[in-house]
Amino acid sequence: MPADDFVVTPWNVEGDIDYDKLIKRFGTQKITPELLSKIEKFTHESHFMLRRGIFFSHRDLNRLLDDYEKGKKFFLYTGRGPSGHTHIGHLVPWVFAKWLQDKFGAKMYFQLTDDEKFWSKKD
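Residue numbers for the sequence shown follow full-length UniProt numbering, beginning at 1 and rising by one.
Note that these hints are calculated values from the structure, not bench results. Even glycine gets a Cβ: it sits at the ideal position worked out from N, Cα and C. Some hints could be false.
[To be verified] Simulated pairs of lysine-lysine, DSSO-like, Cα-Cα distance not exceeding 30 Å:
1) K70 to K30
2) K41 to K103
3) K21 to K107
4) K98 to K70
5) K21 to K38
6) K21 to K70
7) K107 to K72
[Said to hold, decoys possible] Computed Cβ-Cβ distance ranges for the label pairs, DEER-style:
8) S46 to G105: 14 to 22 Å
9) E34 to K72: 16 to 24 Å
10) V7 to G105: 24 to 32 Å
11) E14 to E45: 20 to 28 Å
12) R59 to W99: 31 to 39 Å
13) K70 to V7: 34 to 42 Å
14) K41 to P82: 21 to 29 Å
15) G105 to E14: 34 to 42 Å
16) K70 to D102: 18 to 26 Å
17) V7 to G89: 16 to 24 Å
18) G79 to H58: 15 to 23 Å
19) K107 to D5: 21 to 29 Å
20) K41 to Y19: 23 to 31 Å
21) G15 to L112: 13 to 21 Å
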């Protein structure tokens, strides 16, 4: 693998990650200080994972917050693809999703996506 190349898949991470390139590859946007301020405007606090940069990009979170500001509601969708035992790393998105649910009064749907794993895995 060339020094400036890296691989990120749902199952594997290799190389030195260039987060700017990763954001471009996945078509997401950086989480900016302005976006963090807008979240804090509604939640009246910052989430420790956002403060620490655990989450560094998003897709359409700015649009969601704009709609929320206009009085529109949203729901959260998350889950788990059960390919093995649950471990502490699975808690990261769940803890954040629960915080969003509590702070925004949103409904949350949690799915065990065994069918998604079946269709996306090649072997």
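Status of the hints after comparison with the structure:
1. K70 to K30: holds (23 Å)
2. K41 to K103: Holds - the C-alpha atoms of K103 and K41 are around 11 Å apart, at most 30 Å.
3. K21 to K107: violated (33 Å)
4. K98 to K70: holds (23 Å)
5. K21 to K38: holds (25 Å)
6. K21 to K70: Not OK: K21 and K70 at ~33 Å, beyond 30 Å, violated.
7. K107 to K72: holds (13 Å)
8. S46 to G105: 14 to 22 Å: Hint holds: Cβ distance 18 Å, inside 14 to 22 Å.
9. E34 to K72: 16 to 24 Å: holds (20 Å)
10. V7 to G105: 24 to 32 Å: Violated, at about 39 Å.
11. E14 to E45: 20 to 28 Å: The hinted range 20 to 28 Å is violated for E14 and E45, with Cβ atoms some 36 Å apart.
12. R59 to W99: 31 to 39 Å: Check failed, 19 Å falls outside 31 to 39 Å.
13. K70 to V7: 34 to 42 Å: holds (40 Å)
14. K41 to P82: 21 to 29 Å: violated (37 Å)
15. G105 to E14: 34 to 42 Å: Since G105 and E14 have Cβ atoms about 40 Å apart, the given range 34 to 42 Å holds.
16. K70 to D102: 18 to 26 Å: holds (21 Å)
17. V7 to G89: 16 to 24 Å: Holds, since V7 and G89 (Cβ atoms, about 19 Å apart) stay within the stated range.
18. G79 to H58: 15 to 23 Å: holds (18 Å)
19. K107 to D5: 21 to 29 Å: violated (41 Å)
20. K41 to Y19: 23 to 31 Å: Check passed, 26 Å falls within 23 to 31 Å.
21. G15 to L112: 13 to 21 Å: Because 31 Å falls outside the window, the suggested range is violated.
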